[in-house]
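Q: Residue numbers (this note's numbering): 1003 to 1290.
If you're looking for bench data, these hints aren't it; they were derived computationally from the structure. These numbers were taken from a predicted model, which means no experiment stands behind them. We put the beta carbon where it would ideally sit given N, CA and C, even for glycine. A hint or two may mislead.
[To be verified] Each pair of labels, with its calculated beta carbon distance range:
#1 S1240 x V1162: 21 to 29 Å
#2 A1008 x R1149: 17 to 25 Å
#3 D1132 x Y1239: 51 to 59 Å
[What the hints assert, rightly or not] PhoX-like mimics (lysine-lysine), calculated; alpha carbons at most 25 Å apart, straight line:
#4 K1185 x K1215
#5 K1224 x K1254
#6 K1211 x K1185
#7 K1177 x K1254
#8 K1177 x K1224
#9 K1224 x K1007
#10 K1254 x K1182
#11 K1215 x K1254
#12 K1177 x K1215
#13 K1224 x K1211
#14 K1254 x K1211
#15 K1182 x K1158
#16 K1211 x K1158
#17 K1177 x K1211
#18 K1158 x K1185
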Amino acid sequence: MKRMKAFYHSPAPQLAPYIHHYFVYAMDRATVRQVFPRGMHILPTAHGKMGIFFGTPTVKRMSGRAETQNPQIGFSGFYNRPVYYHTDFAASMIIVTFTPVGLQQMLQFSLAEISNCNLDVRDASAGDHDFLCNEMFSTEDWSSRIRMLDEFFFHKFREVEFPERAAHIAGYIMKTGGDKPIKSICSELGIGERTLQRTFLNGLGVTPKAFSKLVRFQRAVKVMAGAPGRSLTDISYSLGYFDQAHFIREFKSLYGASPRVFIRRRQSEAGMALEAHKSSLAVPATVS
């Protein structure tokens, strides 16, 4: 009988501006091999994350790069390409998904510096690493661990001035599906392009154009996963692309393969996928 625990948990209400959700999952070795026989792909997402691994950390591989082991506790910035994770051991972890502006407020450097990579928390703050290790690894009770995380983040964010303008703009881009040109965003929100760029870089550590591209990609993934029989032409125009070729080109730049390949992989692995983040999608890898 396979053993698996997987659930989402909301942060304390006062943390909602910074943290979207916690995701907990734990699997024994046999379940890992059955559900993810070749590992899993995490798709690009417009949210920074923190991963806390309570067993053997997973190994990460990205296209054109050597394999690297994830840190026991690590931050990751926005990904603009898919990443492949695999482990041959039991998996047990908490993934913290921040709001678009959340993680940047914890860092003393731009989130752009850890795009497409994981940063060991001890390299950002040895004190935070030691505190989390001492607290989080002192119990196996998930409710207690989540409570400890709430307390940790409350302490981290209580002295932070929340970036209202950056959060408002990011929310507007997400609400409109990421298909608004930069000039239209500026016109509708009544701000200049330089102000928009500066606000985004300071609040999110990424440009509004790059953020919009990730939002469009996430929207496309949800549309195709929910309606695999829908034509690419229809999807392209509904997402605000100029034409099907533009959609395919942009999707491939983030996913590493065409939309048709994505749909085929989803169909071939039907019923086996485990959603690792509410804002992104984990699918069993089809190639090792």
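Q: For every hint, state whether the structure bears it out.
A: Hints, one by one, checked against the model:
A hinted range of 21 to 29 Å for the beta carbons of S1240 and V1162 is inconsistent with their spacing of about 38 Å. The hinted window of 17 to 25 Å between A1008 and R1149 holds, with their beta carbons roughly 19 Å apart. Our hint of 51 to 59 Å for D1132 and Y1239 holds, since their Cβ atoms are close to 52 Å apart. About 15 Å separates the Cα atoms of K1185 and K1215, which keeps this hinted pair within 25 Å; it holds.
Of the pairs offered as hints, the one joining K1224 and K1254 holds, with about 16 Å between alpha carbons and a cut-off of 25 Å not exceeded. A C-alpha spacing of about 11 Å is found between K1211 and K1185, which places the hinted pair at or below 25 Å, so the restraint holds. The hinted pair formed by K1177 and K1254 meets the criterion: a straight-line CA distance of about 23 Å does not exceed 25 Å. Among the hinted pairs, K1177 with K1224 is consistent with the structure: their alpha-carbon atoms are about 14 Å apart, no more than 25 Å.
For the given pair, K1224 sits about 24 Å from K1007 by alpha-carbon distance, which is consistent with the 25 Å threshold. Among the hinted pairs, K1254 with K1182 is consistent with the structure: their alpha-carbon atoms are about 20 Å apart, no more than 25 Å. Using a Cα cut-off of 25 Å, the hinted pair K1215 and K1254 holds, with the two alpha carbons roughly 12 Å apart. About 13 Å separates the Cα atoms of K1177 and K1215, which keeps this hinted pair within 25 Å; it holds.
Between the alpha carbons of K1224 and K1211 the distance comes to roughly 20 Å, so the proposed pair stays at or under 25 Å and holds. Distance check on the hinted pair: K1254 and K1211 sit about 17 Å apart at the alpha-carbon level, within 25 Å; holds. Straight-line distance between C-alpha atoms of K1182 and K1158 comes to about 34 Å, which puts the hinted pair past the 25 Å bound. Only pairs whose Cα atoms come within 25 Å are accepted, and K1211 paired with K1158 is rejected, the gap being roughly 29 Å.
Restraint check for K1177 and K1211: the C-alpha separation of about 15 Å stays at or below 25 Å, so the hint holds. Proximity of K1158 to K1185 is assessed by CA-CA distance (about 35 Å); at most 25 Å being required, the pair is judged violated.
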